[in-house]
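K.L.:
Sequence:
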Amino acid sequence: MGSASSKKRAPLPIVIFSPGFSSIRLFSSAQAQSLASQGNVVITVDHPYEGTVVEFPDGTVVYGASPSDINDEAAEKGVKVRNEDISFLIDQILEPSSLGGILDGFDTSKIFVYGHSLGGATSAQVAFNDGRVLGGLDFDGKLYGSVSEAGLDTPLFVVGADSTEEAASYFKGIMDKVDAAKMFLTVNGTKHMSFVDLPLVLSLLDFAPPSIETVIGTIDGKRMATITDDILRAVTSFLFKGKTQPLCQLEDNVEEAVVEERDLKRACH
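1 is the number of the first residue of the sequence shown in this note's numbering; add one for each residue after it.
There may be inaccurate statements among the hints.
As the list claims (entries may be wrong) - With a straight-line cut-off of 25 Å between C-alpha atoms, the simulated DSS-like cross-links for lysine-lysine are:
#: 1; residue 1: 265; residue 2: 241
#: 2; residue 1: 172; residue 2: 142
#: 3; residue 1: 77; residue 2: 177
#: 4; residue 1: 222; residue 2: 110
#: 5; residue 1: 265; residue 2: 243
#: 6; residue 1: 80; residue 2: 172
#: 7; residue 1: 191; residue 2: 172
Hints listed in this document are in silico derivations from the structure and should not be mistaken for laboratory results. Every value quoted in this text rests on a predicted model; they were computed, and no experiment measured them.
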């Protein structure tokens, strides 16, 4: 019998993250680290010439868009380019010569994409276009691209901020176009920027700038980090392991969560 150290570890599923418009991947590092600690290969993506600042491996630094540059036209173009970025990344993951022996530790049959804001819209578009992706998770991002009109037949999960009836109605309309496992929930006490690491960082620093609640909501930053971890764990358990119970019990386990719509296409177990 071989020693425990000589046993080959089972390949790990792959999670890809796309940040918001003009944002960078580092703003969600805590989320990525938590996902990795749960036994996933986590790849966070910067989108050059749109992200505020991106450094290439050779040290070249390029600057991108300002948050004030966002409009529907820019968002449509951004989602198209981002979709191509992530599909190119998946091409490289599936190419044996690109990463050498590292690929031996990847389960390339299990790929999931999630993102915040425009990154969330990107996750839905990639799930629509790329059959290698098992599903997408959108943290509070309005959808753009063909998926916003045509819907999709790949699992989609949307997590919205504690917002208006108009926003809730919009996301419910998106859910109506999803012919696959789907879920839409909101989190009480949140705003659009609650779903990145900013609330956690401010909480750890015990720092609350004036009017910050209009940006990150009233929810405690450490608590928010736990909630996003719970949501991501529930979604990956469903997509990678076929477990419905974590998604079915989200409202019980996360008191701030309000499930607006859920159809997992299978019984809770």
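K.L.:
Which hint numbers does the structure go against, in order from smallest to largest?
P.N.:
4
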